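A.B. asks: Chain residues, written in single-letter form:
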Amino acid sequence: MSILVYTETENGKFKKASFEVASYAKAIADKTDSKVTAIAVNADDPSELGKYGVSKVLHVNNEELAKFNADSYAAVLTEAAKQELCNTIVLSQSANAKYLAPLLAVNLEAGYASNVVDLPITENGFMVKRTAFTNKAFNETEITTDTKIIGLSTNSFGVHENSLEVEISNFEPTISEESKKVTVESVDKNKDKVSIADAEVVVSGGRGLKGPENWHLVENLADTLNAATACSKPVSDMGWRPHGEHVGQTGKPVATNLYIAIGISGAIQHLAGINASKTKVVINNDPEAPFFKAADYGIVGDAFEVVPKLTEKLKEFKANNA
Amino acid sequence: MKILVCISHVPDTTSKINFTEGDTKFDTNGVQFIINPNDEFGLTRAMWFKEKQGASVDVATVGLKDTEPTIRKALAIGADNAIRIDTAPLDGYQVATELAKVAKEGEYDLIIAGRESIDYNGGMVPGMMAKMLGYGFINTCVSLEIDGNTATAIREIDGGKETLKTNLPLVIGGQKGLVEESDLKIPNMRGIMMARKKPLNVVEAVGDKVSTEAKKFSKPAPKGEVKLVDAENIDELIDLLHNEAKAI
Ligand SMILES: Cc1cc2nc3c(=O)[nH]c(=O)nc-3n(C[C@H](O)[C@H](O)[C@H](O)COP(=O)(O)OP(=O)(O)OC[C@H]3O[C@@H](n4cnc5c(N)ncnc54)[C@H](O)[C@@H]3O)c2cc1C
Ligand SMILES: Nc1ncnc2c1ncn2[C@@H]1O[C@H](COP(=O)(O)O)[C@@H](O)[C@H]1O
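First to last, the sequence lines map onto chains U and S.
With numbering that gives the first Met the number 0 applied, the first sequence covers 0 to 321.
With numbering that gives the first Met the number 0 applied, the second sequence covers 0 to 247.
Hints are computed from structural coordinates only; laboratory data are not their basis.
Here the structure is a predicted model, which is why all the values come from computation and not from measurement.
Keep in mind that a hint or two might mislead.
Think about it this way: if two alpha-carbon atoms lie no more than 25 Å apart in a straight line, the pair counts; the simulated DSS-like pairs of lysine-lysine are [what the hints assert, rightly or not]: (1) U/K180 with S/K100; (2) U/K66 with U/K12; (3) S/K214 with U/K179; (4) U/K277 with S/K218; (5) S/K164 with U/K188; (6) U/K128 with S/K226; (7) S/K245 with U/K277; (8) S/K64 with S/K214; (9) U/K292 with S/K218; (10) U/K128 with U/K14; (11) S/K214 with U/K128; (12) U/K308 with U/K209; (13) U/K192 with U/K277; (14) U/K308 with S/K226; (15) S/K100 with S/K49; (16) S/K15 with U/K277; (17) S/K15 with U/K292; (18) U/K179 with U/K192; (19) U/K66 with S/K160; (20) U/K292 with S/K1; (21) S/K226 with S/K51; (22) S/K51 with S/K214; (23) U/K128 with S/K218; (24) S/K226 with U/K312; (25) U/K15 with U/K190; (26) U/K128 with S/K15; (27) U/K66 with U/K179; (28) U/K81 with U/K179; (29) S/K218 with S/K15.
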């Protein structure tokens, strides 16, 4: 019996989140005296997973799966879990993983816990710690079914190397017509930009930036840090920035290493969604802005003066530390 | 077209989150409950289908009597009928089982749920429901058009968008974008009066067992003081980020 981990690829390359879920699965395997089996679709080099504690890769090479389809992918994972007799399955919380996990749960009649932030406690039942109330609290949840699915929050466990001999086996699942009800017509993805979900650093702008014409401040800083750009809710409501950039309780969650907030007041709904980030920096000209209570570092000052200076200094720093 | 909108009754986004009974229960004391924001976007899109394409709109919630003001609000916004499945929501699997039963019996063409509830952030009910029903499913849906039996939708992916096509019946996990913030409606007096006369059917739960149990809650450790850096001394911030926080 092994732990099954879904290792996502993008254009053939594993995402960082895949190495994180593999590392996490390996830690569970060590606790429970078992091994990690990964399932990977159309990966260039499946053996890369051996570095993160995976013993066996079920590799699917199938043109039909070139475009993500949640139902078909759930069917692939279902078949893999059954074949390998896996009763613990670990996935990331990427948009695609979150899309397929509930389908997989029904296929396998499994309990699914999302937003998990720590290793399960398996001594007495199977307890996981997850976030609830949009990062305002934690919740210890027991999964009571035989088969268990864990959605691991991004950046909550980290990537840990653990080199193993890895066996690659070709896996040819049956993909029924039934699972192809929804078809992808087109994908519109900005390839030169880091997405909020994959970013190590996010630079976010609020209403304090006055208008969309000033967003080069945010973008230049983000470019310097190889960061994703984000914004507060009113900024996307007013159409200054696309909806996809709205972060917070009702927007995208952010759990990065570094979150820089520029001209954002720090309303409770904003903070809830970004609180899981490790280091928070705020730049705001109002020393009373609530964000200062939630941040690790802050500069009280005018964004229009501070941000260009910070960008310049960071460029110098990067050049000296390259 | 028959639409069912699934409404989750959640604490207002500004609520202070506290727990009682040895940190095993959410403390509802003084908490204002609202329609889950993702569901409100979905409900408003459903009203658009009602007005422009002659759809009928029912709303359903799995919850005890205390959830009734929340579904009455959905009726006041313009839904035709409300269904309350009379049991406490305990986990996503159980809620999906209850809703799937109601959805099947009502022969709905389109079932609109939210991407996630802002209380437990499960992000699972709509997908589970779709699978139980054998219907198509589109998550993180930010645009939905229906033409006859065909649905065209846009879903948010990490770093972009995807356009999808499928047939009805369909379940979506919706969010902001389905309609704009400015399209959301505050119920007016007439809506509130009419809502009192609209049917609120209470149905018995099938009472399926749960697959997960929330045992205990805790709150994050309080944050230390912010370190302020002078605007004239940005090098200090870079030094702190590099050497102390190890964030760059
Ligand atoms: C149901 C609901 C859900 C919500 N969900 C979210 C959510 O998910 N995400 C979210 O972000 N919000 C959300 N909100 C909105 C939230 O309550 C706040 O209104 C919003 O976060 C404020 O955005 P802001 O900080 O950009 O703007 P403001 O509150 O207007 O703050 C602007 C800040 O910029 C500062 N500033 C002004 N000029 C400068 C300058 N020159 N230099 C530096 N700083 C300057 C000001 O001091 C101020 O602090 C939600 C609200 C509701 C009711
Ligand atoms: N108790 C409930 N009653 C009705 N619908 C619900 C309930 N819980 C969740 N939902 C629906 O499922 C969506 C996702 O919820 P969740 O999976 O709990 O995050 C919500 O936005 C609602 O549309």
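A.B. asks: Look at each hint and say if it fits the structure.
C.D. replies: Do the hints match the structure? See the list:
Proposed proximity of U/K180 and S/K100 is supported: the alpha carbons are some 21 Å apart, at most 25 Å. Among the hinted pairs, U/K66 with U/K12 is consistent with the structure: their alpha-carbon atoms are about 14 Å apart, no more than 25 Å. Only pairs whose Cα atoms come within 25 Å are accepted, and S/K214 paired with U/K179 is rejected, the gap being roughly 38 Å. Using a Cα cut-off of 25 Å, the hinted pair U/K277 and S/K218 holds, with the two alpha carbons roughly 16 Å apart.
Taken as a hint, the S/K164 and U/K188 pair is honoured in the structure, with Cα atoms around 18 Å apart against an allowance of 25 Å. Of the supplied pair hints, the one linking U/K128 and S/K226 is violated, its CA atoms being roughly 30 Å apart against a limit of 25 Å. The suggested pairing of S/K245 with U/K277 holds, with an alpha-carbon distance near 10 Å, which does not exceed 25 Å. Under the criterion of a C-alpha separation no larger than 25 Å, the hint pairing S/K64 with S/K214 is consistent with the structure, at around 23 Å.
For the hint linking U/K292 to S/K218, the alpha-carbon distance of about 16 Å falls within 25 Å, and the restraint holds. A C-alpha spacing of about 24 Å is found between U/K128 and U/K14, which places the hinted pair at or below 25 Å, so the restraint holds. As the CA atoms of S/K214 and U/K128 are separated by approximately 10 Å, the hinted pair is consistent with the 25 Å bound. A distance of roughly 19 Å separates the Cα atoms of U/K308 and U/K209; the hinted pair therefore holds under the 25 Å criterion.
With a C-alpha separation of about 22 Å, the suggested pairing of U/K192 with U/K277 holds against the 25 Å cut-off. Taking the CA atoms of U/K308 and S/K226, the gap is about 19 Å. The hint holds against a cut of 25 Å. Taking the CA atoms of S/K100 and S/K49, the gap is near 23 Å; set against the 25 Å cutoff, the hint holds. Restraint check for S/K15 and U/K277: satisfied, since their Cα atoms lie roughly 22 Å apart, inside the 25 Å limit.
With a C-alpha separation of about 16 Å, the suggested pairing of S/K15 with U/K292 holds against the 25 Å cut-off. With a CA separation close to 30 Å, the supplied pair U/K179 and U/K192 exceeds the 25 Å bound. Restraint check for U/K66 and S/K160: the C-alpha separation of about 13 Å stays at or below 25 Å, so the hint holds. Of the pairs offered as hints, the one joining U/K292 and S/K1 is violated, with about 48 Å between alpha carbons and a cut-off of 25 Å exceeded.
A C-alpha spacing of about 54 Å is found between S/K226 and S/K51, which places the hinted pair above 25 Å, so the restraint is violated. Simply put, S/K51 and S/K214 have alpha-carbon atoms about 46 Å apart, too far for the 25 Å limit, and the pair is violated. Distance restraint check for U/K128 and S/K218: the Cα-Cα separation of roughly 12 Å lies within the 25 Å cut-off, and the hinted pair is therefore satisfied. Proximity of S/K226 to U/K312 is assessed by CA-CA distance (about 19 Å); at most 25 Å being required, the pair is judged to hold.
Straight-line distance between C-alpha atoms of U/K15 and U/K190 comes to about 16 Å, which keeps the hinted pair within the 25 Å bound. With a C-alpha separation of about 21 Å, the suggested pair U/K128 and S/K15 falls inside the 25 Å cut-off, and the hint holds. About 11 Å separates the Cα atoms of U/K66 and U/K179, which keeps this hinted pair within 25 Å; it holds. Annotation: proposed proximity of U/K81 to U/K179 holds, straight-line Cα distance about 21 Å (limit 25 Å).
Taking the CA atoms of S/K218 and S/K15, the gap is about 11 Å. The hint holds against a cut of 25 Å.
Going through the hint list in order, the structure does not satisfy hints 3, 6, 18, 20, 21, 22.
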